[in-house]
Amino acid sequence: MHWKNIYRGLVMGIADLIPGVSGGTMAVILGIYQELIHSINGFFSKDWKKHLGFLVPLGIGIAGALVLFSSVIRFLLANYSQPTFFFFTGLVIGVIPVILVLADSKKSFNAVHFVLITVAAVAVALTAFVREDTGALITDLSMGTMVLLFFAGWMASMAMLLPGISGSLILLLFGVYATAIDALSITSPNFPVIFLVGSGVVLGFVISSKAIRYLFKHYPSYTYAVVVGLLIGSIFVVFPGFGQGSIVLSILSFLLGAGLAFGLGRK
Numbered sequence: 086m087h088w089k090n091i092y093r094g095l096v097m098g099i100a101d102l103i104p105g106v107s108g109g110t111m112a113v114i115l116g117i118y119q120e121l122i123h124s125i126n127g128f129f130s131k132d133w134k135k136h137l138g139f140l141v142p143l144g145i146g147i148a149g150a151l152v153l154f155s156s157v158i159r160f161l162l163a164n165y166s167q168p169t170f171f172f173f174t175g176l177v178i179g180v181i182p183v184i185l186v187l188a189d190s191k192k193s194f195n196a197v198h199f200v201l202i203t204v205a206a207v208a209v210a211l212t213a214f215v216r217e218d219t220g221a222l223i224t225d226l227s228m229g230t231m232v233l234l235f236f237a238g239w240m241a242s243m244a245m246l247l248p249g250i251s252g253s254l255i256l257l258l259f260g261v262y263a264t265a266i267d268a269l270s271i272t273s274p275n276f277p278v279i280f281l282v283g284s285g286v287v288l289g290f291v292i293s294s295k296a297i298r299y300l301f302k303h304y305p306s307y308t309y310a311v312v313v314g315l316l317i318g319s320i321f322v323v324f325p326g327f328g329q330g331s332i333v334l335s336i337l338s339f340l341l342g343a344g345l346a347f348g349l350g351r352k
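Per our numbering, the very first residue in the sequence shown carries number 86; after that it's consecutive.
Misleading hints may appear alongside valid ones.
Said to hold, decoys possible - Ranges between beta-carbon positions, derived for each pair:
1. K191 with T272: 52 to 60 Å
2. S270 with Y92: 21 to 29 Å
3. L187 with V207: 36 to 44 Å
4. A196 with S156: 34 to 42 Å
5. S306 with S227: 24 to 32 Å
6. A213 with L334: 17 to 25 Å
Just so you know, these hints were derived from the structure itself, not from any lab. Please read these numbers as outputs of a predicted model, since none were measured by experiment. Glycine included, C-beta positions come from ideal geometry on N, C-alpha and C.
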């Protein structure tokens, strides 16, 4: 068992709780992104047992973060929103040089790659204009709302595996973010909602992991270019601006995030 994956899962889970921040980005920073995609893809094959040692501890960490830290994240966003988002902005910026090195961008990138970077960056940056309300709580599970929750989980999980795109942001787009977070309450969990969103997440993992692995195998430099674009675009989504908190604390948070990402990425 890869028991270190428990803390890695905690980091990824915490990231996925925050709209605009991607668990996939954290996987890149922690150096497990390629293995994550390979293990998820392999888990849904005849050799699934081989991948349990990697995925089970990671899943424990992610699930623990979703349950234990949802209230903490709500507190930080309510009381220290600017420094919190500055920290994650630093994380995103810090990992971009690492990705460029992995892609050997100086030798492999040409005009087409830079077009892909631009398109991906603009596509993600445009999500910054998504409404900030988290959506009303869904209390009546009709057929329509059940389909909505399942499909939102499906789309969110595909985003979770892509660096730069936030699963929580996708839930915001579908208007079910508040419902999903509320369902994870320790004192009163909403198991039907958890099941519906979770089922969609599982299906999304199956489909997206196969697609991402195929792209990295056959078109690695182009895929890295898209990842870089996604990360650049996510800066515009995560960056909170100034005027909502301590500038000094925000700058320190940014430097901590950037240094942490760059240091872990190099390691």
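Taking the hints in turn, this is what the structure says about them:
| no. | hint | verdict |
| --- | --- | --- |
| 1 | K191 with T272: 52 to 60 Å | holds (53 Å) |
| 2 | S270 with Y92: 21 to 29 Å | holds (24 Å) |
| 3 | L187 with V207: 36 to 44 Å | violated (23 Å) |
| 4 | A196 with S156: 34 to 42 Å | violated (48 Å) |
| 5 | S306 with S227: 24 to 32 Å | violated (47 Å) |
| 6 | A213 with L334: 17 to 25 Å | holds (23 Å) |
The earlier numbered hints that this structure contradicts are 3, 4 and 5.
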